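On the provided structure of chain A, position chain B as indicated by the hints.
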Amino acid sequence: MRSEHPPVVASWLLERFCAAPGLAGDLIEEYRVRRSPAWYWKQAVIAVSVYPFSQIIEHKWLAVRAIATGYVIWYVLNATLLRGVLRPWLGMDTTFDRVAYFLIGYTLWLVNGWVIAKLHRPYSTAMVLAYVLWAIVASVPPVYAVAVAALDGSKEGSALAFEVTARVVTLLMLISGGLLSTYRDQLKQTRLNAQGWPRESPRALAG
Amino acid sequence: MAKEYLGNLELMVLLSLIRVGDNAYGVPISHEIEQRTGRDVALGSVYAALDRLERKGYVTSNLGDPTPERGGRAKRYFQISAKGVKEVRDAQRMLTNMWRNLSVLQGEIA
Numbered sequence: 000m001r002s003e004h005p006p007v008v009a010s011w012l013l014e015r016f017c018a019a020p021g022l023a024g025d026l027i028e029e030y031r032v033r034r035s036p037a038w039y040w041k042q043a044v045i046a047v048s049v050y051p052f053s054q055i056i057e058h059k060w061l062a063v064r065a066i067a068t069g070y071v072i073w074y075v076l077n078a079t080l081l082r083g084v085l086r087p088w089l090g091m092d093t094t095f096d097r098v099a100y101f102l103i104g105y106t107l108w109l110v111n112g113w114v115i116a117k118l119h120r121p122y123s124t125a126m127v128l129a130y131v132l133w134a135i136v137a138s139v140p141p142v143y144a145v146a147v148a149a150l151d152g153s154k155e156g157s158a159l160a161f162e163v164t165a166r167v168v169t170l171l172m173l174i175s176g177g178l179l180s181t182y183r184d185q186l187k188q189t190r191l192n193a194q195g196w197p198r199e200s201p202r203a204l205a206g
Numbered sequence: 000m001a002k003e004y005l006g007n008l009e010l011m012v013l014l015s016l017i018r019v020g021d022n023a024y025g026v027p028i029s030h031e032i033e034q035r036t037g038r039d040v041a042l043g044s045v046y047a048a049l050d051r052l053e054r055k056g057y058v059t060s061n062l063g064d065p066t067p068e069r070g071g072r073a074k075r076y077f078q079i080s081a082k083g084v085k086e087v088r089d090a091q092r093m094l095t096n097m098w099r100n101l102s103v104l105q106g107e108i109a
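For the record, the sequence lines run as chains A and B.
First residue of the first sequence? That's 0 in numbering that gives the first Met the number 0, and the numbers climb one at a time after it.
First residue of the second sequence? That's 0 in numbering that gives the first Met the number 0, and the numbers climb one at a time after it.
Pulled out of the complex, with its shape left as it was, chain A reads as follows (with noise of 0.2 Å):
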């Protein structure tokens, strides 16, 4: 017997990745009357897919900025403070010095995605992606030139290993600074309409 709740991971997947108000609930309308969860699915992935690229081709300056902002943000606090400053602090002769660098590093990407999603509601997630996007194509040649390093035998294939780790686990710490501001801005609105707020259009409260 199928279930009166739609599939949970879909349903996150949903609420995290496309900030449409009112589909989320159409969704479980249309699930609980006459659908399957592969339809579920199938709707949920196509709304994380269609819905934050739409709002990038809507919004191309907002995505200009929010991948502007994030390139600041990183070179102030990754290029400078982290590897001019931290890292000659550290030295690096432990694995200690090695794992606390890291650890620090990754904690902030996680404040630049924070930042970037904060700065461009209500278009968070889809600015968020933006800078998502514009990392990946920033990876593009470092990853390349590691990996013809490690073809040529000048480089070892446990570098390009740790190349391509560091840099998916970069966008992932980007990507859940995102997360994090969303939710909880989206904890606040439900608190907001619990006490009775008017609700208004999104754009309206946007603006």
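Hint data in this document are derived by calculation from the structure and do not stem from the laboratory.
No experiment lies behind these values; they were computed from the predicted model shown.
Treat the hints with care, since some could be wrong.
Stated by the list, open to error - Think about it this way: if two alpha-carbon atoms lie no more than 25 Å apart in a straight line, the pair counts; the simulated BS3-like pairs of lysine-lysine are:
id, chain 1, residue 1, chain 2, residue 2
1, B, Lys55, B, Lys85
2, A, Lys59, B, Lys82
3, B, Lys55, A, Lys59
4, A, Lys117, A, Lys187
5, B, Lys82, B, Lys55
6, A, Lys117, A, Lys59
Claimed, not checked - Example chain B residues on the side facing chain A (calculated, C-beta under 7 Å, incomplete):
id, residue
7, Tyr4
8, Gly6
9, Gly25
10, Val26
11, Arg38
12, Leu42
13, Gly43
14, Ser44
15, Ala47
16, Gly70
17, Arg72
18, Arg75
Glycine included, C-beta positions come from ideal geometry on N, C-alpha and C.
Below, chain B without anything else, positioned relative to chain A:
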């Protein structure tokens, strides 16, 4: 500012919105498109189109009250604006002009 023309899906969504009338939200709008055109359009795509239309000023929206059958989520109601109605009329006029006197299509019908 350059005039923004309606896309195919946007026009279908606007026409469905007019047909559904009051209390139009995502589910009846997508049902209307499915019944009239035979196309199963994803709700996410309908919402993306509605967001574009709202940005262009062709529709307005407001959130209703959360209901238990929707897992405690509110409905988002959409209304077509006067600018939206004018845009649909313009699109109809433009498409009718394009269709007029097309011998190839007339031959197919005959």
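Structure-based check of each hint:
This hinted pair checks out: Lys55/B and Lys85/B have alpha carbons roughly 13 Å apart, not beyond 25 Å. At roughly 24 Å between alpha-carbon atoms, Lys59/A and Lys82/B fall within 25 Å of each other, so this suggested pair holds. In summary, the hint linking Lys55/B to Lys59/A is supported, as the alpha carbons are separated by about 15 Å, within the 25 Å threshold. Only pairs whose Cα atoms come within 25 Å are accepted, and Lys117/A paired with Lys187/A is accepted, the gap being roughly 13 Å.
The hinted pair formed by Lys82/B and Lys55/B meets the criterion: a straight-line CA distance of about 9 Å does not exceed 25 Å. This hinted pair checks out: Lys117/A and Lys59/A have alpha carbons roughly 18 Å apart, not beyond 25 Å. Given hint, Tyr4/B at the interface with chain A, is violated; its Cβ is 15 Å from that chain's nearest Cβ, farther than 7 Å. Proximity of Gly6/B to chain A is violated relative to the hint, the smallest CB-CB distance being about 11 Å (cut-off 7 Å).
The criterion of a C-beta within 7 Å of any C-beta in chain A is met by Gly25/B, whose closest approach is roughly 4 Å, and the hint holds. Look at Val26/B: its Cβ gets to within about 5 Å of chain A, closer than 7 Å, so that hint holds up. Taking 7 Å as the C-beta cut-off, the interface hint given for Arg38/B is violated, the closest approach to chain A being about 14 Å. Given the 7 Å rule on beta carbons, the hint for Leu42/B holds: about 6 Å separates it from the nearest Cβ of chain A.
The beta carbon of Gly43/B comes within 3 Å of a beta carbon in chain A, closer than 7 Å, and the hint placing it at the interface holds. Here the hint on Ser44/B is kept, as its CB sits about 6 Å from the closest CB of chain A, short of 7 Å. Restraint check, Ala47/B versus chain A: the minimum CB separation of about 4 Å is within 7 Å; hint holds. Hint status for Gly70/B: holds, given a least beta-carbon distance of 4 Å to chain A, under 7 Å.
A least Cβ separation of about 3 Å between Arg72/B and chain A falls short of the 7 Å threshold, and the interface hint therefore holds. Taken as an interface hint, Arg75/B checks out: its beta carbon lies about 3 Å from the nearest beta carbon of chain A, inside 7 Å.
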